[in-house]
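Using the sequences and the hints, build the whole thing.
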Amino acid sequence: MNEDRVRQLLSGVQQGGVSIDAAVKELSRLPFVDTESARVDTHRALRQGIPEVIFGLGKTVSQIAEVITALQEAGQPVLVTRLEAEAAEEVEQRVPGGVYQRTSRLLFYGPETVEIVGKGTVAVISAGTADLPVAAEAAGVAEFFGNRVEMITDVGVAGIHRLLAAEESLRAARVLIVVAGMEGALPSVVGGMVDKPVIAVPTSTGYGVSLGGLTALFGMLTSCASNITVVNIDNGFGAAHAATLINRL
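In our numbering, the protein residues as written are 1013 to 1261.
Bear in mind the hints are in silico, worked out from the structure with no lab data behind them. Hints are supplied without guarantee of correctness; some may be wrong.
Stated by the list, open to error - Cβ-Cβ distance ranges computed for the label pairs, FRET-style:
{"#": "1", "residue 1": "Thr-1241", "residue 2": "Ser-1181", "range": "14 to 24 Å"}
{"#": "2", "residue 1": "Val-1221", "residue 2": "Leu-1022", "range": "54 to 64 Å"}
{"#": "3", "residue 1": "Val-1025", "residue 2": "Cys-1236", "range": "47 to 57 Å"}
{"#": "4", "residue 1": "Pro-1108", "residue 2": "Thr-1047", "range": "17 to 27 Å"}
{"#": "5", "residue 1": "Glu-1098", "residue 2": "Asp-1046", "range": "26 to 36 Å"}
{"#": "6", "residue 1": "Ala-1177", "residue 2": "Leu-1058", "range": "42 to 52 Å"}
Ideal placement from N, C-alpha and C gives every residue a C-beta, glycine not left out.
See the structure below:
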């Protein structure tokens, strides 16, 4: 259930194509569905504009398949995050019709073409190839949520001329997601180049004292570029969610 579906129902009642009883029946469904292992939020798109997404890590194949089925029966597209390839294959055997992206570890169920609802482009910039899985997650989620997305990869500060070559694309974006590990310097540089919101994503990429992404996180939180906000370590999904809401304003 989302705002468009509510409008369709009310329009149908107004025009006489949908009976009042049928509309009441659909609207009166509970805003959640209980499965054997979950209570699935089927009205989140109506409240927040973005439907519930399944976090695959830590769930069994059976649990994931249950939630996918519940969301599909509620008439909405489905996105599963943090799903390894072997588990994705098993899920697709139980619920056919999904599209899996190995790098981003995302599994999609829905239309081949997603309607663009964002007002501008979301740029996803990654520092190094090792940061690509997190950047790909951010890009894939942003696309699923109806944004035009441009990826700019392997432009870390160790070779800053690579980033400067993409300045036109950076300045044209409406929201920027910047993904970096190691010392996490890239968002500060990008933030100093553009007049748009920058969402920084620290990754767990790096050697010893990088502390699994904490060093990058601390660096981003203490950035002197004041147009930067920071999400949790490796949280490409959270960055894409926030970027989507900004891009719809």
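Mind checking the hinted window 42 to 52 Å against the Cβ distance between Ala-1177 and Leu-1058?
Once the Cβ atoms are compared, 43 Å apart, the range 42 to 52 Å for Leu-1058 and Ala-1177 holds.
Would you say the C-beta atoms of Thr-1241 and Ser-1181 sit inside 14 to 24 Å of each other?
holds, 21 Å
Indicate whether the distance between the beta carbons of Pro-1108 and Thr-1047 respects the range 17 to 27 Å.
holds, 19 Å
Can you tell me whether the CB distance of Glu-1098 to Asp-1046 sits inside 26 to 36 Å?
At roughly 28 Å between Cβ atoms, Asp-1046 and Glu-1098 fall inside 26 to 36 Å, so the hint holds.
Starting from the range 47 to 57 Å, see whether the pair Val-1025 and Cys-1236 falls in it by beta-carbon distance.
holds, 56 Å
Take a look at whether the Cβ-Cβ distance between Val-1221 and Leu-1022 falls inside 54 to 64 Å.
Since Val-1221 and Leu-1022 have Cβ atoms about 58 Å apart, the given range 54 to 64 Å holds.
In summary, the structure agrees with every hint in the numbered list given earlier.
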